[in-house]
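**Student:** Here the numbering used here is used: the first residue of the sequence shown is 1, the next is one more, and so on.
Keep in mind the hints are simulated off the structure, nothing from the lab. Hints may be right or wrong, so weigh each one.
Stated by the list, open to error - Distance windows between CB atoms, simulated:
(1) A188 to L162: 28 to 34 Å
(2) A142 to P217: 28 to 34 Å
(3) T12 to T232: 24 to 30 Å
(4) A188 to R105: 25 to 31 Å
(5) T12 to T218: 48 to 54 Å
(6) G41 to L111: 35 to 41 Å
All C-beta atoms in this analysis are idealised placements derived from N, C-alpha and C, irrespective of residue type, glycine included.
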Amino acid sequence: MESVVQALRGWTPRDRQTAAAVEYLAYEPELFEVVSSHHAGIDGTQQFILAFDRLTIGGPPGLHRAVAFHVDLGPLDHTCRVRQHRAPAFAWAGHWLVGQGADPRAVADYLPVPADPYNFGPHDQVEGLLFGTDYGFARPAAGPTRLIEERIRRSGDRYRILRDGPAFDACSNGEREGNYVLLHDRSARAVGRRFVIQLETIRLTTATYSITEGGFPTLRQARDWLTRIDRTTGTAPALPATDPVTGLAPPQVSAPVRPVREPHLPPTATARRGR
């Protein structure tokens, strides 16, 4: 975030919230690892930044490690406005940025993971992640995860986050960490499956994360599913499937209609005489 701090020097904060944000960033800009960043507006006066909070490294699972920043410059009066938002996942931080006017495609253009994220030097680099909390050094796995993230970013006011938190700790098996988000789906097409759980699993060896998702008819059923996660082994029961693109339950496929076989009837008396 050093480049952001440099760009804001000489600009007057528009309000107290901005002044506090600028002071905090200037104090230790290296605390935030930039994941994606792009400019917009006339002459690039707006900047949208998706970042990872390094202070969460080593902390407990379930922390809001994804942080979004919206920087708005006012050239006429040489003022600036900075807003930030913490979220349980990169996709949800991106959702907030899109709500501020960011380009969804640019938000999804994640920067490559640093070659030496832990600054160990060329002779002590590690493969993958040391801890599940090193979320900022992971990237989405290919396939459904990217489709679900894209839907989240563009979902507008469709979803309401009811709860989020840890599902299981990487320390339980040394390989994975899981975090969940419980949602209320307000789409008119989600009748019967309005309560959605998104389970994000971070895999240490591959430095990737994947999102699986399922819809439930009632809030109690969704909460019951959460209680059945085995936190000691990091395993969870299967989620009721949803379509990665729409987030809706797949249509029920009815069984094929089989033709009814006519019962065998004995020949009539007239038929027997005609033989």
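**Student:** Starting from the hint list further up, note which numbers the structure goes against and sort them upward.
**Tutor:** Numbers 1, 3, 6, in rising order.
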